[in-house]
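Engineer: Here are the chains, one letter per residue:
There are 2 protein chains.
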Amino acid sequence: MNSSLFKIQHKDTRTRARAGVLRTSRGEIHTPVFMPVGTQASVKTIANQELFEAGAQIVLANTYHLYLRPGEEVIKEAGGLHSFMNWNKPILTDSGGFQIFSLAKLNKVRPEGVEFQSHIDGSRHFLTPEDVVRIQCSLGSDILMPLDECVKYPVEYAEAQKSLELTAQWAMRSKKAWLDGGEKTPERVSGILFGIVQGATFAELRKQAARELVDMDFPGYAIGGLSVGEPNELMVETLRQTLPLLPEDKPRYLMGVGMPLDLLEAVSQGVDMFDCVVPTRNGRNATVFTPDGTLLLRGASYIRDFTPIDEKCPCYTCRTHTRSYLRHLFNAGEHLAGRLASLHNLTFFIQLLGSMRRSIEEDRFIEFRRDFERRFTQVSTGDKE
Amino acid sequence: MNSSLFKIQHKDTRTRARAGVLRTSRGEIHTPVFMPVGTQASVKTIANQELFEAGAQIVLANTYHLYLRPGEEVIKEAGGLHSFMNWNKPILTDSGGFQIFSLAKLNKVRPEGVEFQSHIDGSRHFLTPEDVVRIQCSLGSDILMPLDECVKYPVEYAEAQKSLELTAQWAMRSKKAWLDGGEKTPERVSGILFGIVQGATFAELRKQAARELVDMDFPGYAIGGLSVGEPNELMVETLRQTLPLLPEDKPRYLMGVGMPLDLLEAVSQGVDMFDCVVPTRNGRNATVFTPDGTLLLRGASYIRDFTPIDEKCPCYTCRTHTRSYLRHLFNAGEHLAGRLASLHNLTFFIQLLGSMRRSIEEDRFIEFRRDFERRFTQVSTGDKE
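These protein sequence lines map, in sequence, to chains A and B. Residue numbers for the first sequence follow the numbering used here, beginning at 851 and rising by one. Residue numbers for the second sequence follow the numbering used here, beginning at 851 and rising by one.
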């Protein structure tokens, strides 16, 4: 593992926020970064060309979903996932652990791996941590995630502890499979494997998980098992306890988070990478983000609102259409509505992380955060959610 | 009515096909032309930018739908339909007659107009032919259609005859309203009103309708009431009987038609304008058009087909993605699938009409048609529909 894969370019002087760059064989990723989620090899409703224009540096895809459909072999024959979806920037693949434990039916965990039934057709599958690494190598992923057991919230300490032991063993086996895989599949060498810190909301378990994973020396660390239903303060608290345990010089990825204020908090604590379905999911449900908070575009107050979602937003939606038109599209059930709103939201999140990065470089992250929060959360007379 | 609004640039020497240009205040339309359907002020799933790139010269919108939602006043306040949807090329608005008789509940026809219940919320409405012209003037339509009564197929002669008499009276009143409207609504002057020839599949009634409408001297003529369930041969036959009755020097618009072979037949008989939901509706259902026929992209034969839908197609979809990827998107239920397929199909239809036009200009329409038909209908071993 070459730790120079990740370089911190500037540390904020008053918080733990940092601006960095993560090198991959498919280009550099400037952090902090927001990664759009393309679960099934498609960021929902959005074309690649639009992702480029929105400034996306990397997208996510999901190993569980792609393993089931279209299958490892099809993507391998296509020349890997980048070629299959014609996306030539980096791709991070989630292991699918979360999906196996939330989406698949009848999952059964054994020390060797996990047995589950496909949520699509009920077919039975058994995947080991080694399989999951191998599949991600086949996909040609740039950043791989190991299979882990995801516990629900709330969970008893004993159960979380037991789960963590398994996850630690699996992490070890994943790393070995990843290192070994290099000889067998040449494309593997381009991807790096992150360790995932679990431990629910128990400080002691998070500490233990972090220690074990750091001992294994991964090129990067993810924090999993947050934003799964726990109160926001508990997430923030867990983050505060966990992050200082991770090495400064490795990238840190907070999985599945989150809303703008969560992103600001996490960046202030030193998180570098984020993914979340909020921009696209909320977009399809008519909720759009602006510096002045969110708007629910179905609201009656937009019937005659002939201004864009955000006058200063550079996205196609804001350059082209009014809130009135977008409201009409949502009300009329037009598919274009969700697409245009998703594109705007993705642009908003990508730009937000870009702005955070610049503010870190210029040692004004605290001011940026304060101003953003003040404006974003102010109560207006509009149709705020 | 200035008949120089439409100019025939070239007549095919061996068929009745013609290449022309229709001038509107928002630009010229080169005919024969395919007009994408944007019923609710949106061509389903497609952004304006993509319509431009696909070569769309004009789009359709529907008066019935827009009258109900978002309503005449909202669009008027937006500065008209072009401004509302930010489309600065011509727009043709259908009167909504067809929708009132097919979509609305409990419609009741009276000599003055038609009473109906909204299909959206059940609210009661009464619209006269004058109202329908006024609404289209408010929208700022470039080509207006008069309210007509649309009979179902099959229909008895006596019923079709009675309906036709009403439609003729409404056409007369529509024309008067359109001429009068010029003084009241300045924007009106830019739009032209077409007459719609009805008469079901009865040659005698079509003849009568054409004669009456030609006497009223409209700037263009539409042929309605076809492609409503009648056998294809009956549509072709009716077209053959009707078209020669219309003045050579006016544009002719065949409403709601159709499939590529129908378009070739109609152009050979002298039709200039077409609209149809086939490219978008079929696209959303995974059916795409190619010079070699249609493909149902869900088919298993595309699982490992890493070629584009059509190698020679200039559309974004064909430049970017493979059949294998598109099949995956359809199978995975990704919204992007229908969008990409719709974009390709629209490009295919627009290009098909453009190719017809060039072949007319070069006196090789018959050869173009023969070659297209031979290739399009040949039986291959693929997953043709």
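In case anyone wonders, no lab produced these hints; they're calculated from the structure. Treat the hints with caution; some may be incorrect.
Here are the simulated BS3-like pairs of lysine-lysine, each with C-alpha atoms no more than 27 Å apart in a straight line [said to hold, decoys possible]:
no.: 1; chain 1: A; residue 1: 1162; chain 2: B; residue 2: 926
no.: 2; chain 1: A; residue 1: 1025; chain 2: A; residue 2: 1057
no.: 3; chain 1: B; residue 1: 939; chain 2: B; residue 2: 1012
no.: 4; chain 1: B; residue 1: 1002; chain 2: B; residue 2: 1057
no.: 5; chain 1: B; residue 1: 1162; chain 2: A; residue 2: 926
no.: 6; chain 1: A; residue 1: 1012; chain 2: A; residue 2: 939
If the Cβ cut is set under 8 Å, some of the chain B residues that face chain A in the computed set are [said to hold, decoys possible]:
no.: 7; residue: 928
no.: 8; residue: 1156
no.: 9; residue: 1181
All C-beta atoms, glycine included, are put in the ideal place defined by N, C-alpha and C.
Engineer: Hints the structure violates: just list their numbers, smallest first.
Structural biologist: 3, 6
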